[in-house]
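Read top to bottom, the protein sequences are chains G and R. My numbering runs 1 ahead of the 1-based position in the first sequence. My numbering runs 1032 ahead of the 1-based position in the second sequence.
It should be emphasised that the hints constitute simulated quantities derived from the structure, not laboratory data. All figures in this text were calculated on a predicted structure; none of them were measured in a lab. Cβ atoms here follow ideal geometry from the backbone N, Cα and C, with glycine treated the same way. Hints should not be assumed to be uniformly reliable.
Computed cross-link-like contacts, DSS-like style, restricted to lysine-lysine with a CA-CA straight-line distance of at most 30 Å [what the hints assert, rightly or not]:
| # | chain 1 | residue 1 | chain 2 | residue 2 |
| --- | --- | --- | --- | --- |
| 1 | R | K1087 | R | K1052 |
| 2 | R | K1046 | G | K72 |
| 3 | G | K58 | G | K16 |
| 4 | R | K1073 | G | K72 |
| 5 | G | K43 | G | K58 |
| 6 | G | K43 | R | K1096 |
| 7 | G | K99 | G | K43 |
| 8 | G | K43 | R | K1087 |
| 9 | G | K99 | R | K1046 |
| 10 | G | K6 | G | K59 |
| 11 | G | K59 | R | K1052 |
| 12 | G | K99 | R | K1096 |
| 13 | R | K1052 | G | K16 |
| 14 | G | K16 | R | K1073 |
| 15 | G | K43 | R | K1098 |
| 16 | R | K1096 | G | K69 |
| 17 | R | K1098 | G | K99 |
| 18 | G | K59 | G | K72 |
| 19 | R | K1046 | R | K1096 |
| 20 | G | K58 | G | K69 |
| 21 | R | K1046 | R | K1098 |
| 22 | R | K1073 | R | K1096 |
| 23 | R | K1073 | R | K1052 |
| 24 | R | K1046 | G | K43 |
| 25 | G | K6 | R | K1052 |
| 26 | G | K6 | R | K1046 |
| 27 | G | K6 | R | K1073 |
| 28 | G | K58 | G | K72 |
| 29 | R | K1087 | R | K1098 |
| 30 | R | K1096 | G | K58 |
Computed footprint of chain R on chain G, listed as stretches where at least three residues anywhere in the stretch have a Cβ under 8 Å from a Cβ of chain R [what the hints assert, rightly or not]:
| # | segment |
| --- | --- |
| 31 | 15-26 |
| 32 | 103-110 |
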Amino acid sequence: QQQVKQSPQSLIVQKGGISIINCAYENTAFDYFPWYQQFPGKGPALLIAIRPDVSEKKEGRFTISFNKSAKQFSLHIMDSQPGDSATYFCAAKSSGDKLTFGTGTRLAVRP
Amino acid sequence: GAVVSQHPSRVICKSGTSVKIECRSLDFQATTMFWYRQFPKQSLMLMATSNEGSKATYEQGVEKDKFLINHASLTLSTLTVTSAHPEDSSFYICSASSLTGDNQPQHFGDGTRLSIL
């Protein structure tokens, strides 16, 4: 019940395209859903986060879509750039509890 | 933004050596710090949660006598891998949350690549 399922495992997108990464969860107590970006040899960096009282949050080229009834949330990267090539992790957390990470998606944006 | 500094970034040492990794929150006070382990092309695995002034809480399967955690102040936590062996080679990452409010973002350090020969 604590798992967060993430797909796809890897993704190749052309420059300028839209990258979409999906996550699903079971624990209805989760109330905080962050996305992290990790470059090789570096720690994860918080990209954007959402709480379940909103269905969408946008920051620049990054958008989180959240479907509470389906227990799913996704990250959309608009106008994908080669510099966006990294591993992306979704995560979920309930109050006072630890973060549960997805399995990660390796994104490659081709020039 | 919030910065978490982790040191050293890379360690190579002989089997049997003990290795200490430091995690510092540079511009905020962190009541809670987390230690993760990450294998190549895999997700982060939480090892333990460190609270300032109290004993760390270890995840199931993590040996507390092997991975010693000390959180002596609101800005510093250390992880000591005791008597390290090749199977302890991994990427260790810390993170910290700020003092106030629940669901405050976790900010991660840049990790320590530990290689045991």
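Q) Any of the earlier hints contradicted here, and which numbers? A) When the structure is compared with the hints, numbers 2, 9, 11, 13, 16, 25, 26, 30, 31 turn out to be violated.
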